[in-house]
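> The residues making up each chain are set out below.
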Amino acid sequence: MRKKNALVIGIANKDSISAGIARELYDNGYRIIPTYLNEKALPFVKEVADELAVDRLFPFRVGNDEQLREIVTWLKRNGMRIDVLVHGIAFASEIKRELHEVSWESFKTSTRVSAFSMVEIARALLEGDVLNPGSCILTLSYIGSHLAVEGYNMMGPVKSILEALVRGLASELGGKGIRVNAISPGPVMTRAASGIKGFTNLLEVAKKSSPIGQTATLEDIGRMAFEVIVNPSINGAVYLVDCGSSVTLPVPSDQASSC
Amino acid sequence: MKNKNALIIGIRDEESICCAIAREIKRAGYDIYATYQDEATHEGVKRVADAIGIKKIFPYDARKDEDLQAFAEAVKREGIALDILVHGISYSTASGAKLDLPLVQVTWEEFTDAIRVGAFSLVEVSGRLLDVMKEGASILTISLRWSRVAVPNFNVVCAAKAALESMVRGLAQSLGKAKGIKVNGVSPGFVPTYSLSKVGNSLEILERAKNRSPLKTNVRKEDIASLAVSILENRSTTGMIYPVDTGVDITEGWAAC
Chain A
346 MRKKNALVIG IANKDSISAG IARELYDNGY RIIPTYLNEK ALPFVKEVAD
396 ELAVDRLFPF RVGNDEQLRE IVTWLKRNGM RIDVLVHGIA FASEIKRELH
446 EVSWESFKTS TRVSAFSMVE IARALLEGDV LNPGSCILTL SYIGSHLAVE
496 GYNMMGPVKS ILEALVRGLA SELGGKGIRV NAISPGPVMT RAASGIKGFT
546 NLLEVAKKSS PIGQTATLED IGRMAFEVIV NPSINGAVYL VDCGSSVTLP
596 VPSDQASSC
Chain B
12 MKNKNALIIG IRDEESICCA IAREIKRAGY DIYATYQDEA THEGVKRVAD
62 AIGIKKIFPY DARKDEDLQA FAEAVKREGI ALDILVHGIS YSTASGAKLD
112 LPLVQVTWEE FTDAIRVGAF SLVEVSGRLL DVMKEGASIL TISLRWSRVA
162 VPNFNVVCAA KAALESMVRG LAQSLGKAKG IKVNGVSPGF VPTYSLSKVG
212 NSLEILERAK NRSPLKTNVR KEDIASLAVS ILENRSTTGM IYPVDTGVDI
262 TEGWAAC
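Residue numbers (my numbering), protein chains in the order written: chain A, 346 to 604; chain B, 12 to 268.
In short, the hints are calculated from the structure, not lab data.
Check before you lean on any hint, since a few could be wrong.
Unchecked claim - For each label pair, taking beta carbons as the anchor points, the in silico distance ranges come out as:
| id | chain 1 | residue 1 | chain 2 | residue 2 | range |
| --- | --- | --- | --- | --- | --- |
| 1 | B | A189 | A | G479 | 37 to 47 Å |
| 2 | A | N546 | B | P113 | 29 to 39 Å |
| 3 | B | G138 | A | Q412 | 23 to 33 Å |
| 4 | A | E549 | B | A161 | 55 to 65 Å |
| 5 | B | G138 | A | N383 | 51 to 61 Å |
| 6 | B | A189 | A | K542 | 26 to 36 Å |
| 7 | A | V596 | B | N164 | 33 to 43 Å |
| 8 | A | A398 | B | K75 | 33 to 43 Å |
| 9 | A | A509 | B | N222 | 17 to 27 Å |
To be verified - Partial chain A-side listing against chain B, Cβ under 7 Å, derived:
| id | residue |
| --- | --- |
| 10 | N373 |
| 11 | N576 |
| 12 | G581 |
| 13 | T593 |
A virtual CB, placed ideally from N, CA and C, is assigned to each residue, including glycine.
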């Protein structure tokens, strides 16, 4: 049987959620084609790539169409097509500001990198005719799209945009048999997360509000992502994997609050 | 390796979603126990049980206190420690269910019947069986998009599903605290079941769903089952309702008209 190919965009280092998903795909027999942001990130991405027997790494920065074309050209030259696109990139230059302090320039850039890039990458793969029918696009979101999470600031609305794009792409690409979904994991300590103000507290709050008293593991996120990727009946969905922390409103008992 | 045990409530026949889930759970290496609603449905469940290799079936009618009592005691007597509980009871398949009625014609008794069978049974069963559930066990129920929309003449079912989803969150909280138990739901698009045939012309409903799906496909029962087992075995999810509907839910009807 032909080996299936997964283009994974969004690995920063071994702790990245995209890396967890790539590992799960690799364990299930997929060939992983990862990208890296720049030279600075390369050694960290390389570390992950070596584990996954990757033979080719591509540089990719959102907005650089030339880099996308290179990926497409390489795929075509090798007679390869993409079965899975993992989109796990996000960026927000003014993440530490309150929403009302955020500049339009920053919001616009964040929207492009964190949300619209999924459309641009999908378009490049479609135009290059390297996306297989029956393939699946998976992106990563966060519950901040539905709740105002302190410290997540401008990324909340950006993730809302991303989730709307999931539904939009899913409805547009369904005719080609392409599915589009998102996983929305609870907080995980990644390199990207370290830029969020008070992230350690967020982890603590998530753990406390989880009825099972834990936060999501990279492995469990990877497993759910894999189910979504291979299940032909899942489409246009955003799957939360957060140990239940977003469905509860913990209220401390009188005793606890008087302490 | 210690025995892994699953209890499945909601098998009616080979077409039941719970039957597909049972097959998948069996494949994942669990011993399975199941229930049947009453004597009228015993034969169908027995057939499924024999085909899949279900260890034992217990009678349980979600309306009857004495059934719940006897069933819970029987499970305890068997000495089964549960890893998995699947609840797939739908009010529409209950004997004598009052369906196809505008809300204004529904009596209070009929309404509570729908809520007890279609929703509160999840609370009753998991509460009664808490003793025999293992630490960190997993519960899964089956909902429907109807929990969030109005469906003419079937709003009783809608209310039951809305209650059911709220109970998933509530039980996730209380059972999570009590015993680290996870509670989730799947919300599948339409599939051909006895339940579907009770709400209308199955073929028509499925055809309409297929046309609304961006993929122009219907949901497959084996995909629901595969997702169900993934959720049941995933240690990082609780309190969730996962749609599996080939994208029907995200489409807006007007463009297709």
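> Could you check the structure against the hints above and give me the numbers of any it violates, in ascending order?
2, 3, 4, 8 and 10
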